[in-house]
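Chemist: Go ahead and model the full structure; you've got the sequences and the hints to work with.
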Amino acid sequence: MTDSPHLTEAAIALNRFGLGARGDESPPSDPKAWLLNQFDRYDPKPAALAQQPDSPAVAQELGAARQQVASGADQDAKLAARKMLRTEVRDAYRDAVDARVQSALTTQTPFVDRLVYFWSNHFAISTEKPQVAALAGAFETEAIRPHVLGRFEDMLLAVERHPAMQVFLDQVRSIGPDSRAAMRADARDPQHKRGLNENLGREIMELHTLGVRTGYTQSDVTEFARALTGWSIVGPKGAGGTPGTFIFRPALHEPGDRTIMGRRYTEPGEAQARAVLHDLASAPATANHVATKLARHFAGDNPSQALVARLAQAFQSSGGDLPTVYRALVASSEAWTSTPVKFKTPWDWTISTLRGLGVQEMPGIKAAPILTQLGQPVWRPGSPAGYDDIAASWAAPDALMRRVDLAQRIGARVGDRVDARTLGPKLTAGSLDPATALAVSRAESAQTALALLLVSPDFQRR
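When we follow my numbering, the leftmost residue of the sequence shown carries the number 8, and every step to the right adds one.
No lab work stands behind these hints, which were simulated from the structure alone.
The beta-carbon is built from N, C-alpha and C at its ideal position, and this holds for glycine as well.
One thing to keep in mind: the hints can contain errors.
To be verified - Calculated lysine to aspartate or glutamate pairs in the EDC-like style (CA-CA distance at most 20 Å, straight line):
no., residue 1, residue 2
1, LYS136, ASP61
2, LYS373, ASP426
3, LYS52, GLU16
4, LYS39, ASP61
5, LYS244, GLU68
6, LYS52, ASP412
7, LYS433, ASP31
Unchecked claim - Estimated spans, in silico, between C-beta atoms of each pair:
no., residue 1, residue 2, range
8, SER226, HIS285, 38 to 44 Å
9, ASP426, ILE397, 46 to 52 Å
10, HIS285, ALA40, 30 to 36 Å
Modeler: Printed below as a string of structure tokens:
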């Protein structure tokens, strides 16, 4: 089979910009208009996600479960309560993954949903911590989806204030060394020093905004962490607000002015970190960082500097208006290269497979274990940097064999109800390579034909 089939613009719109063609739908006659028209039809909270608990509900459930652990009459009771808590967290995570998949399968705005998943990975959390696992779905629904067609600064603020990010990067443990709370604690117990946690400040600068090696220093990170002190979340007892929502705690805030990247911030309290975030969101380095990642996601692992520069200019000239950047992307010839430029991640491949087979409901299909088997568990990259967006991270032989194994199981399950010979041209919008079509037509069975189609270069690349 050849490695570089010639893609039609419809195929590019459906697969590179979207989430994969559906076998029961016709390709768009005007691919670029089809992409841009989705901005007016996007639903930030579709039915599948609307049924999921929000952050306050999750916080209350976790609080009740932890209270049950604490109130256990003996060690056996405590162990049983802890086991129940782990089960509840696991089930909440799996339900959220299933809802995400359900939304991806039924969305009428697949380009915008791809952008949601892009930003969710840009502002990555990881679910090793039980609280984060339980809150991960709410994080994407509450902090990413409402702002994907808005301003970058608004999304940035929503992300950093969200309880999932606050817990993931230990901001809830950060205390200004000279804050009122620290002084009181030191007076009670001089040997137990409470202190600053720099995780959130560092990752905001390095990953969420400026990028690495862009001129900031360790001193800037420390000063930003001091500005962020007091940013926290309401606990399960609801002191100060609704459990699981953002709260600013003045007693934890480090007093005084901050100097970050040459600018002095004199704002009091919560406003200090917000002022820093405003400047970071509008910094030229942030525009370049965001533009590079978007270009890599849509135009190849090594995007041209010309494309990056155009996207960065769109970002800066619009004040971080994301639809302006997306329109510049859609208008760029580099994103419409007629040969495949990206290797599908396990998430991409799974969703495009299910969409291609016409799956719209998930009963009996547990998505979380499947994606874990394929090497990309949802919301669990293991690092604040998120999952890699280059082929080398996903095209290793063992990873490909896992796809082959799953494709064979899918073929065995539904292959006798699907004609891969007619499905192939539909899923590739007329771009199926003749060698792939020949291999599928000569397969020894319908099941094998479907498996061959799903692991072909045509289908695994976009």
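Chemist: Please go over all the hints and tell whether each is borne out by the structure.
Modeler: Okay, the hints, checked on the actual structure:
1. LYS136 <-> ASP61: 18 Å, holds
2. LYS373 <-> ASP426: 25 Å, violated
3. LYS52 <-> GLU16: 29 Å, violated
4. LYS39 <-> ASP61: Answer violated: LYS39 to ASP61 is near 35 Å, above 20 Å.
5. LYS244 <-> GLU68: 11 Å, holds
6. LYS52 <-> ASP412: 34 Å, violated
7. LYS433 <-> ASP31: 8 Å, holds
8. SER226 <-> HIS285: 38 to 44 Å: 20 Å, violated
9. ASP426 <-> ILE397: 46 to 52 Å: 35 Å, violated
10. HIS285 <-> ALA40: 30 to 36 Å: 35 Å, holds
Of the hints listed earlier, those the structure fails to meet are numbers 2, 3, 4, 6, 8 and 9, in rising order.
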